[in-house]
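Undergrad: Residues per chain, in single letters:
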Amino acid sequence: MASLDDLKKRIASVKSTQKITKAMKMVAAAKLRRAQESAEKGRPYSEKMNNVILNLSSGISDKENAPKLLSGSGKDQIHLCVVMTSDRGLCGGFNSNIIKKAKSYFAKLSQEGKELKIITVGSKGNDQLKRAYGDKIISHISFKESKNANYFDAEKVGKIVIEKFEGEEFDVCTIFYNQFKNVITQIPQAQQIIPLNTEATEEDKSEDSYEFEPDEDEILSNLLPKNISTQIFKAMLENSASEQGSRMSAMDNATRNAGEMVDKLTIEYNRSRQAAITKELIEIISGAESL
Amino acid sequence: MSEEFKVEIVNPEKSFLIKEDVSEVVVPAFEGEMGILKDHISIISFLKPGIIKILSKSGNENYYVEDGIVEFKNNNLSILTSSIFNLNDLDKSKQQDLLKQAEEEASKPEINDQSKYLVDQKIEVLKSLN
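Chain order of the listed sequences is A and B. Read in order, the letters of the first sequence correspond to residues 1 to 291 in this note's numbering. Read in order, the letters of the second sequence correspond to residues 1 to 130 in this note's numbering.
Among these hints, one or two may not hold up.
Derived DSS-like pairs: lysine-lysine, alpha-carbon spacing no greater than 30 Å straight-line [as the list claims (entries may be wrong)]:
| # | chain 1 | residue 1 | chain 2 | residue 2 |
| --- | --- | --- | --- | --- |
| 1 | A | Lys159 | B | Lys94 |
| 2 | A | Lys226 | B | Lys73 |
| 3 | A | Lys48 | B | Lys38 |
| 4 | A | Lys226 | A | Lys159 |
| 5 | A | Lys31 | A | Lys156 |
| 6 | B | Lys108 | A | Lys41 |
| 7 | A | Lys114 | A | Lys101 |
| 8 | B | Lys14 | A | Lys144 |
| 9 | A | Lys41 | B | Lys94 |
If you are wondering where the hints come from, they were derived from the structure by calculation, not from laboratory data. No experiment lies behind these values; they were computed from the predicted model shown.
All chains should be modelled from the sequences, with the hints used to inform the complete structure.
TA: Written out as structure tokens, the structure is:
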């Protein structure tokens, strides 16, 4: 059994850990609100963008010559996966969930005999994938310096992806991120961005046709690269909201567990203190009796 | 019947501006300036660097944009842009910054014709602001 002194030290250390986790939870909660707000504010843009593209692609006359970003390169051999994770740890299952989703996708690809290339965004994902898929990672991007997700960063990622596509380095591009549902639920998502999935539902199709200036092809070829950055930006926003949410609930749990541990340790401390006193009393009494 | 329609400007970060009582919007479309009035035919076009003029009862507003897409449909004008500044907020130093950036871009040797055209436009517009 641990001595009284040891117990005392442990209680103090658990208590200070609890203080840290509590502070982290509070910080995450404050950041979450902001991240959630910007995720919600960012939605109209990507939705509108999607709508315009749907309208455009349904109106496009000759599918054969459609821009490659829309129709794909005609092959399905090399897959590029952009795995988006956080730069910081201590956020529960946030990163592991994305990685798990990505890994199962990777396994499926290799079963089908497809070639795999990976771009990691965020250092945590890179750390986790380095071991198993180190040779597949072609590029690693991290935005440690930027405080919030911003469009400029997303554009950078988008440019890299498009450059590689134009260099015919891959045929299909999928991004992995966590969609923010609420504080305790984040859904890992795999979204294919090249070629674009344009299967519009019935209600999305508008009957009235648009006038285009300049023609559809030109608008599309201009719009599609932008759309990729937009989709990546959306993923970044969702991701940062999810990260904070996940961290908040993880830290909440940690704080609660620390509290439980302090209670348990305090009971143990009191019990052994009592035991020591009783023992001393018995010694004194039996000493007195023997006289 | 009123001659007003709704305009909405969104950028990736947020809904930048929503105005319900707009009588005319002039946008710098790719093939020249385009004025949009109520009941315009549905149109999609994209923007080159220039000035968006919004005319309404509650006052006129001018915005400087670098790129974007306009969609007009059912008397709803949506402008999607990644870089937009209210002319009133765009002070001289910011202007100079943008101009310098654009000039740097223009002097790059590997620039292609289309982006060269866009950058030249940008420089022209920025210079005309002064």
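Undergrad: List, from low to high, the hint numbers that the structure doesn't satisfy.
TA: 6
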